[in-house]
Structures are given as structure tokens and as C-alpha cells.
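Trainee: Residue-level listing of the chains:
Number of protein chains: 2
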Amino acid sequence: MAEAPSLFPVAEFEGRVGRLQTEMAERGIDALLLTTPADFFYVTGFLTRFWESPARPWFVVVPIAGTPIAVIPSIGAELMSRTWLRQVRTWDAPHPEDDGVSLLIDTLCGLVPETGRLGVPMGLETHLRMPLADFTRMAEGIVPREIVDGTATVQRVREIKSEAEIEKIRATCGVAGRAFARVPELAAQGRPLSEVFRAFQCAILEEGADWVSYVAGAAGADGYTDVISPAGPAPLEAGDVLMLDTGAVCDGYYCDFDRNYAVGPASAAVRTVQAALWEVTEEALAILKPGMLACDVHWILSDGLARRGVQPGAGRLGHGLGVSLTEWPSFTPLDRSELREGMVLTLEPGAWVAPGRMLVHEENLVLRAGGAELLSPRAPEQMPELPT
Amino acid sequence: MAEAPSLFPVAEFEGRVGRLQTEMAERGIDALLLTTPADFFYVTGFLTRFWESPARPWFVVVPIAGTPIAVIPSIGAELMSRTWLRQVRTWDAPHPEDDGVSLLIDTLCGLVPETGRLGVPMGLETHLRMPLADFTRMAEGIVPREIVDGTATVQRVREIKSEAEIEKIRATCGVAGRAFARVPELAAQGRPLSEVFRAFQCAILEEGADWVSYVAGAAGADGYTDVISPAGPAPLEAGDVLMLDTGAVCDGYYCDFDRNYAVGPASAAVRTVQAALWEVTEEALAILKPGMLACDVHWILSDGLARRGVQPGAGRLGHGLGVSLTEWPSFTPLDRSELREGMVLTLEPGAWVAPGRMLVHEENLVLRAGGAELLSPRAPEQMPELPT
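Chains A and B supply the protein sequences, listed in that same order.
Taking my numbering, the leading residue of the first sequence gets 1, the next gets one more, and so forth.
Taking my numbering, the leading residue of the second sequence gets 1, the next gets one more, and so forth.
Computed far set for chain B versus chain A, every beta-carbon distance over 12 Å: (1) V10; (2) E12; (3) Q87; (4) R170; (5) E341; (6) A369; (7) P380; (8) E381.
Example chain A residues on the side facing chain B (calculated, C-beta under 7 Å, incomplete): (9) R49; (10) T126; (11) S213; (12) T225.
Because the hints were derived from the structure by calculation, they are not lab data.
Remember, predicted model here, so these are calculated numbers, not experimental data.
Glycine included, C-beta positions come from ideal geometry on N, C-alpha and C.
Extracted from the complex, chain A is given alone in its bound form (with noise of 0.2 Å):
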């Protein structure tokens, strides 16, 4: 049997529940429920792309105490068996009368006091993947007992990245600058974009990515409008330039990081704001340290293409990256996060050509305790030339 094996020692999955369970402490939460591939993943290790199908629900609960406890359909127990988990609850899914609920709710209050308190993730950047009315009947199934925001607990400890996941994530980012090196094997003038598209998945995957769970990108006339398009047949033209960005997954950990190529020589117009994206990179590389808050990096970005008389594009210019293609924080001007060290990071800045007529310029980094660590090849200081 050609199994997978494990990706941590057990001790990488001890530490996090460790450190879940003293921000538990902190806020007064007695079991954390977790219901996304993410947190799941995050906490147990079971690594699936089952998760593409909607039909089940499944569930892990941190108690304050002690190891992590799944309830699970049973199409999941084999795989689960490999984890360290070692309990395990599973019934038969899809169930039309009882998805688990009953199931959830025995476990529940077997782990929480009738006085106690359970954390769900419901803020910003979350979601519930269950039923709402399966939810709805469990918080009533276990009352008394409270349910409360598990947002923040599983953001401060999610967001600090250990030595090796880290390391996954430096991995996955040389699978995809190697596959990024090769484009201008890949793409020329007249080639569809859809072809091109299949192409560069190709290659992330003859680099050694395990699938490609993003991508996305755009060519037009000296820059796009739209940065999440899926590609249309249209082939490329001398003058365009294509941007392809990828979330490619090595052992659950992605990356996220673009590039930009010129079809033919670009213009000086383009040279322009491709230099100015380069440049303020350059210089948030240099300044970003832990203290700063999201929304100083997206001043540091946006300012620094101002200052080179660059129109910045709107949105965030970054965030947080891990377990899933975008994490927390987001470098607007409204979110006051604080960074942290560990944190892995992209840099996204974004800027106008003309109207229309965009460039967006992408780097993964970690931060460290004297400043970032980059962990995507640096992007080129010249935009690569296609052939046309």
C-alpha cells in the first residue's frame, strides 16, 4: 500500500494544540470546534482533497486539556488511523436525519462543563462548513453550555508558522519559481491564453507540487483589469503582458506569488511601473519587522508608488499565507494587526499603467525577528521578454 507519509513529527501537532490551549486559557474557552480543511488540517494533519466535495461535514474538537478528538464520517476513518489522533468517532455520512449531530453533541458535553464555554470561529475570514440548521440544533443540544467567538484563538496561534512549516511553504515557493522560469518556454505571442494556462499547471506539477489548487492571471495591451479570470482562448499579442498567479500545494502548504511577462519588448510606459512595483518591494523587504500593524505595510507600498508618481492599485496589497492560499492579515489602510515574528507574509503591491490597465507584482516572505526573510525567488528586476 502506497501510503502518504506522516508530514510532522508528533511533537510539531503537540505544540500547536499546546499553544491553542493557553490562548484558550487566556479567554476563558473550555473545547474549540473546528470545521474547516484548514483548521482541521492544521490541528490533525489529515491532509485530503476530499474536501471538494460538499457532502460531509467534519469535525475536530481541542478540549483544554489532553489531545484533540475528531468526529468524523467513516469514509474518513482509514486515513485518519494514520494521524495521531487517537480518538476517533465516525459514523456512516450522509446521513439525512442525523449527520453527525448527535454524535458532535454527545462528544461536546462529555468535554465541557454545563458552566463552560465552546469556541467556534465565526469573525472575519472565517466560515462554519456545516449545515447552519445542524449547527443550530447542536448549540441546542449542548446547552448550557455557551458558545463563543474562537476567531482570535485560532488566528494567534495559526499565523505564528513553526521552523517547519515554514520550511513547507520555501518548498512549495521553489516549485513554483521553477515552474515561473520556464513560461518563457511555455508562452509566446499567438498561443492561447487557455493554453498557456494548462501549460503552467503542467509545470508546477512536473516541479513537484502535489496539485494546483489556484490559478489564475490575465494578458492585455500593457496590462489587465482583472487579476481572478479564468483564461479565455484568445491567443497573445505582441504588447501584452501576462500575468500568472499561482497557489500551488506541496504537503498542504501553499504558496501564492505571480509574475509578469512581456510579450515583445514592453513599453515605456509599463518599464515605468514595473520598475516603481520592483523598487517600493525592495524597500518594504528592507523595513518590514514585527511591531508593524497590516496597515503600515500597505502605507509603506502605496506611498512609496506615489512618491515614484504611480497610481496604486485598489485593494489589499497583501496578506497572510499558509495552510490556505490567503490568510490574515490584510494590508489595507483599515486593518490594524499586529505583525508578528513567524508570520508568512506576501508583499502584493499593485499599480495603474492607464486606466484599465493594471500590474500586479507578488512576493512570499517570513518575517523574522530582524526583518523579512524572502521565501519566493525574487522576481526579475526587468520584466522577461515572451517571443513573438
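Given chain A's structure and the hints, the job is docking chain B onto it.
Mentor: Positioned in the frame of chain A, the structure of chain B alone reads:
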């Protein structure tokens, strides 16, 4: 600008919304709030992989009359402008204080009378893709309007595929079928399963998939225990059965079927179970009819296996398929959903070769008035052999 063309004519979306509105009227629902990728794509045609980022919620509201209104992060405005929707309201997300909630409340209060009811899918196989605390805030913000379960409203419409949808799924099945036909060139004794998975994903892309949302599988002597694992590094061995299962995606539509391969000659035990699985699938394909219940299909498959002296696998033996990898109903003993003309379904019988050694067979079909029409190229009666 290399834009993706519209996937369907506007009349396709008008038909979908009209059918939703008919169901809403019958159930006394004045507006539907949809938040998941599948529901959102179904109503709007807005196709993006950006859902991979959990950072932002996306809303579409279907009123009892007229066209849907999208309430979305501004990063999606450009892509949404290429859909058939004409009412699009945006905010700059993620916003730490108000991530679209007041805009959503304002939209709902303008559409739903104070005595009216808002439908939200909250039943089996659904979840709410927005922060739970924001849902609570929204529910309070639209009082005295009532929130009711919109699951059946959505499922009774989405489960009946239009001819245009059936052709999309057939095309995706064709792509996967061509990739499966190439597996004997990609996999052989001695090749690590992880490399086989990568090469198979490349083959799916090369054959025309836009992306590969799901690949799972396993390899083991005379069968496998687990069908949802990622691949490990162990090489294929003579006597193994290799199973690959895929959810490829073309134009937002999935296939979901697997294929089995013997590494060298299959054992007599494997040949016996393979024959039984192939034959019960033939039987089911011959007798499936609208009006049967989902549990009837479970019985047809499991009884057919038992009559051949083979022990059926646990869990569901098939399910719906379409704009997500799996949809309702489930072929379990408990699911009494009626099978209806136009449903696209999988038949997925599994059976035990020995304890811990399973085979799973899978096909995709559309249910016509006269019976099943295959969408996947039928699996060969004999398991194909890989080189040793």
C-alpha cells in the same frame, strides 16, 4: 484582453432563475440568499478559482421576481460585469468592521417586505460561506423578516440539468476518459504513486481540462482500503490494483469517475470482484428509471453484488454531480429522494476482495425519461493491465 467567452446564453440563466422563482413561490420564499461557489456560479455564471481564498464572502440574492442582485467584493466587479447580471453592488473587502454586511442588509431590506421570508440553504450537503457572526448580524438587521430553509428550493432546481449543462458534463467526462486511456503509458511497476498522480493530472490538463479540482486514488495488493488519500512515494508493485478517481473541470462542470488498473495480471479474486462490479453496473444502467428512489439504487447495486457472492462496500454507492464534485441525492439505504428526469448521477459500487482490500467502480450518467444514458466512456469489462 484574452477574455473567457460566456459559457451559456442569457436564456439559460433566465430559465434557472425562473425555475427557482417558481419553487420560491410554492414555498412562500420572497428572496434567496446564496453564498457557496456552486450556487453562485449556477445563478450568475461567475466562474473563478478565487473561491480558494477564504478571505472574502460573496453574495447573490434571487428575488421572487426580476433578476438576481450580486453583492460582492470590488475585486470581482470586472469579472461580474461580463456576466448577465446587471445589478451588482460592491464593497472593498476584506473590511474588518463591516465586510459587506450593511450592504447586504440594505439590499435585502429593499427586496423583501417586512412580512416576508428570506430563504437560506441550511440543510444536508449545504453550508453558509460567510462568517457566522456576520450572518447573525444580518439576521438581526433584517428583522422582522423571517429566515427559512432554502435547501429544497435550490436542490429541486439544480438537480435537473438542462441539455446545455448535460453537454458540459459530457465534455468533461470525455476529457477524463481520454486521460484514463493514457494511464497504461503513465503508470507501471516501480513508478511511485505520487509520480503517477502528477502525470495523470498533467494528462487531464493536456486532454483539455481547465483545471483538476480532485484527484484521489490508491494502490495495493488485490485492492485498497481507502479512497480519499493523497499519494505517497511508494512504488507500484506487481499484483497491485491501482485506482485513480478524478474530478476534472471544464467550463465549471465536473466529472467524477474512477478507473482501476492491474499491475501485471490480476489475481482470480480481483477478477471475480471486478466482474461483479461491472455486471451490477450494467444491470443498474439497464433498469434505472425516473420515479425510483435513491435507496432503490443502493439496493439494486448491493443486492446484485450479494447475489454474486461479493460483499458490498460501506457508504454511499453513488450520488449527484454537476457544478460541484458531488451533489445530492446519495445512494444509501436511507435516502428516499426521488430520481427525476434530467438528473446527472454517478453509480459507484464498491466491494471487498478481502478484509482491507476494496475495489470501487464508477460511471457518470444522465437519467432520461426512458432510462440511463452514459456520460462517461464505459469502463472495460476486464481491468486493463499495466506493464511490469
